[in-house]
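Those letters in the sequence shown? Residues 0 to 496, per numbering that gives the first Met the number 0, in order.
In short, the hints are calculated from the structure, not lab data.
Glycine is no exception: its CB is placed at the ideal position from the N, C-alpha and C atoms.
You may find that some hints are simply not true.
[Said to hold, decoys possible] Using 35 Å as the maximum straight-line C-alpha spacing, the simulated DSBU-like pairs for lysine-lysine come out as follows:
#	residue 1	residue 2
1	Lys392	Lys363
2	Lys149	Lys303
3	Lys173	Lys274
[Stated by the list, open to error] Ranges between beta-carbon positions, derived for each pair:
#	residue 1	residue 2	range
4	Lys392	Cys457	14 to 24 Å
5	Arg415	Lys271	29 to 39 Å
6	Asn233	Lys298	34 to 44 Å
7	Gly243	Lys298	37 to 47 Å
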Amino acid sequence: MNGHTAVPHSYDYDLIVIGGGSGGLAAAKEAAKYEKKVMVLDFVTPTPLGTSWGLGGTCVNVGCIPKKLMHQAALLGQALQDSRKFGWQFPEEVKHNWMTMTESVQNYIGSLNWGYRVALREKKVTYENAYGEFVGPHTVKATNKRGVEKLYTAERFLIATGERPRYLGIPGDKEYCISSDDLFSLPYCPGKTLVVGASYVALECAGFLAGVGLDVTIMVRSILLRGFDQDIANKIGEYMEEHGINFIREFVPIKVEQIKEGTPGILKVTSKSTKGNEIIEGEYNTVLLAIGRDACTRKIGLDKVGVIINEKTGKIPVNDKEQTNVPYIYAIGDILQDKLELTPVAIQAGRLLVRRLYAGATTKCDYVNVPTTVFTPLEYGACGYSEEAAVEKFGEENIEVYHSHFWPLEWTVPSRDNNKCYAKIICNIQDSERVIGFHVLGPNAGEVTQGFAAAMKCGITKEQLDSTIGIHPVCAEIFTTLTVTKRSGENTLLSGC
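Kindly produce the complete structure, drawing on both the sequences and the hints.
Below, the structure written as structure tokens:
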């Protein structure tokens, strides 16, 4: 049996993983290390416009990877403008070619898809490009794109199906709008774009589209970046607005019509105020919906095996060992109720789960103090509590917020965006001013946040931060010299080096 230990005769596999994204693949490869017989079922249901992709899940194909690369394209455009002040000379007109960018990005993604397939084969994990759904106890049906069905049994199952973009449920949304699932391989420049939503996906996509020179409008129902620190969210919105992105606030689309076919064509969007009966209309080449994502749990036969899901959200409640109410079925990643929807979290949870199942380990996934970054034009890195959440949990009198604006040295010569970058830490006064929230708005925010996240895991206090000598001249050194508290109301604008 290919060097595997024998599976109990009643089952085909030790573990079947449904979903070949970051978490599912990490778990499958980890299980193979322990000589387990593992199968991965992965199938991408095409978008309403027919877009699909290879093995690897959202992050690799239509998420973090293409997003960061297109964000980089936008940053390079800004760097070109800055470079003139540093002495670089080139013709006045600089153009961006959408097709060159998407082809380059898709070529890289293709290499990753291939790498994942090779890795599974090398580790003797069986991979089937088929849609997996439960049909009975310990049994799944796998349906490939030709409609051929096969049944497989396993001792244990791991659900790692992730999420897909939500649609508005209005006339013309699925016929004419695109989602992030379509954007990164769009075979033409989207032109004048309306981005609907205020999620990080909405703001990131709007940011890089504007950064490569497109006319971009964001339609926001209520607040920006729900669940993130609102002080920072509003600063991000202000920065984007100052940099030419239009915002239509407190409106929602009610109808999308095609005025003219083409690549891109012309769409008419009719929208209604959330505060009254006002109706507005606008014409765009492309409408990108980024209003949230829904868990892929409703069509995988969970009812057939009795797995409980949250009926409203589709999310799966699990215990602290990622186990569902059905003991032999586990779940990880974005489909979990009340857990973070982040690729590295799914990977960590998947690996640790498998080590507990097959290697006698006891370590559980820690969902606290997980760092993340929003790749808006002005990047936002965060770890720990938002200011609102800290106040709610500990009480305003028990937290101290230290903050400052800063101006990256690299931006001083082109003389742009003075005092737009911002640093904030939230400390628990009752616990030796331990840092419980870290927030940075500025270039390379992810790189900055990763290191401080490790320090927060170790329980860093404000005193320890202050005793750390900064590296000069870098953005991150601001965190070693924070003195102004929000409570004091003092000025946080910086001058000098």
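**OP:** Starting from the hint list further up, note which numbers the structure goes against and sort them upward.
**Re:** Per hint list: zero violations.
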